[in-house]
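Enquirer: Here is what each chain is made of, one letter per residue.
Protein chains: 2
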Amino acid sequence: MAGKDIDKLVKLVAKLPSLGARSSRRIVLQLLQKRDTLFLPLIEALTDVANNVKTCEICGNFDTQSPCSICEDEKRKNGILCVVQDVADLWAMERVSFFKGKYHILGGILSALDGVTPEDLNIESMLARVTEEEISEVILALPATVDGQITAHYLTARLKDSNVKVSTLAQGIPMGAELDYMDEGTIQLAVNSRKVVGE
Amino acid sequence: MAGKDIDKLVKLVAKLPSLGARSSRRIVLQLLQKRDTLFLPLIEALTDVANNVKTCEICGNFDTQSPCSICEDEKRKNGILCVVQDVADLWAMERVSFFKGKYHILGGILSALDGVTPEDLNIESMLARVTEEEISEVILALPATVDGQITAHYLTARLKDSNVKVSTLAQGIPMGAELDYMDEGTIQLAVNSRKVVGE
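Chains as they are written, first to last, in this note's numbering: chain A, 1 to 199; chain B, 1 to 199.
Source of the hints: derived by calculation from the structure; they are not laboratory data.
Computed from a predicted structure; not experimentally measured.
The list treats identical chains as interchangeable, and a pair is accepted whether it falls inside one copy or across any two copies.
With a straight-line Cα cutoff of 16 angstroms, these simulated EDC-like cross-link-like pairs (lysine to aspartate or glutamate) come out: (1) Lys54 x Asp36; (2) Lys75 x Glu134; (3) Lys100 x Glu72; (4) Lys77 x Glu132; (5) Lys54 x Asp7; (6) Lys4 x Asp48; (7) Lys8 x Asp48; (8) Lys11 x Glu44; (9) Lys54 x Asp5; (10) Lys165 x Glu133.
With the hints as constraints, model all of the structure from the sequences given.
Expert: Here's what the structure looks like:
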């Protein structure tokens with residue numbers, strides 16, 4: 001290939017999630033071919049984010065300010081705290097523009113396999129917030145996996161003394177899905193958690 | 001989401017080939033989470049390439065020098081010129097580390113549909129090089145598409161007066177392929193261009 005600089009860049013870009021050697025080469029070529037419309041603006045945007053974005057000291061979100069704009073937002077002080085695994089899940093919740101409380105990022109979930117213990121997660125700071133911010137309900141928006149459910153159980157036990165309402169996301173058939181394509185576990189769960197029409 | 005800077009970056013990254021909104025968000029999150037090992041090195045590598053890489057004035061390759069290291073390489077002065085569509089195809093040829101001549105990048109191929117005429121391609125500079133660099137053979141390594149073949153025919157006609165040997169890449173069944181999965185055109189071509197065993 002051409003030049004050490006380009007090789008180095010191709011290797012670095014290939015490390016990004018969902019990219020490999022082939023797509024990385026295509027991206028670098030595209031950048032070189034669109035220098036003014038794509039390459040230079042991208043470097044500027046990356047530098048801006050690297051310089052300006054920090055981790056929120058309260059919830060763990062990424063923002064240009066700490067505390068982040070969600071934690072600072074007076075309108076969101078409704079006593080509901082949504083506990084998520086990571087920033088990606090916070091962004092997913094925010095894309096729905098439906099939830100109007102605050103967030104707390106655990107920084108992962110308990111995992112015997114990966115050796116993640118309660119000490120590795122932001123649990124103490126969550127318990128402190130529940131008391132300090134007069135939280136009335138904690139929504140555990142954790143993954144619907146075994147580890148996610150174990151984490152939810154553990155957090156529920158830890159929250160017992162706080163006298164706070166604890167809820168988890170509803171599980172069942174996702175919107176638009178065909179029963180035929182659903183796994184047995186989901187169907188069984190959806191039948192068990194069936195809702196009476198009109199309730 | 002969090003912050004204008006991040007939103008802007010996510011939108012820019014999503015413009016890169018083979019990426020969309022979802023993978024772009026994952027990439028930006030990954031960068032923020034691996035600031036020192038990935039984010040800052042990536043910005044440095046991008047800046048290096050943006051500052052140092054230029055287009056070779058002779059062949060059109062991207063390199064930190066112009067003429068590029070391939071054009072400057074005395075060992076590659078073997079009188080064979082490989083004509084390719086773009087830099088991606090030059091890189092593909094170089095990955096094989098087999099071809100030891102020089103390259104010429106056309107900057108595209110003739111296309112009635114896209115309105116690409118001979119004037120849009122680096123054809124005059126190719127003809128000039130054939131004379132100046134005492135080229136004995138021109139390999140037309142162009143795509144095996146209709147437009148690619150039309151371009152090859154056009155270039156062959158233009159090269160007629162130069163008294164140079166013109167060749168194209170062999171066409172047939174690619175290595176490791178099952179006949180069952182090949183299209184009829186390729187099979188017919190492979191039968192027509194069949195080789196006598198032992199020749």
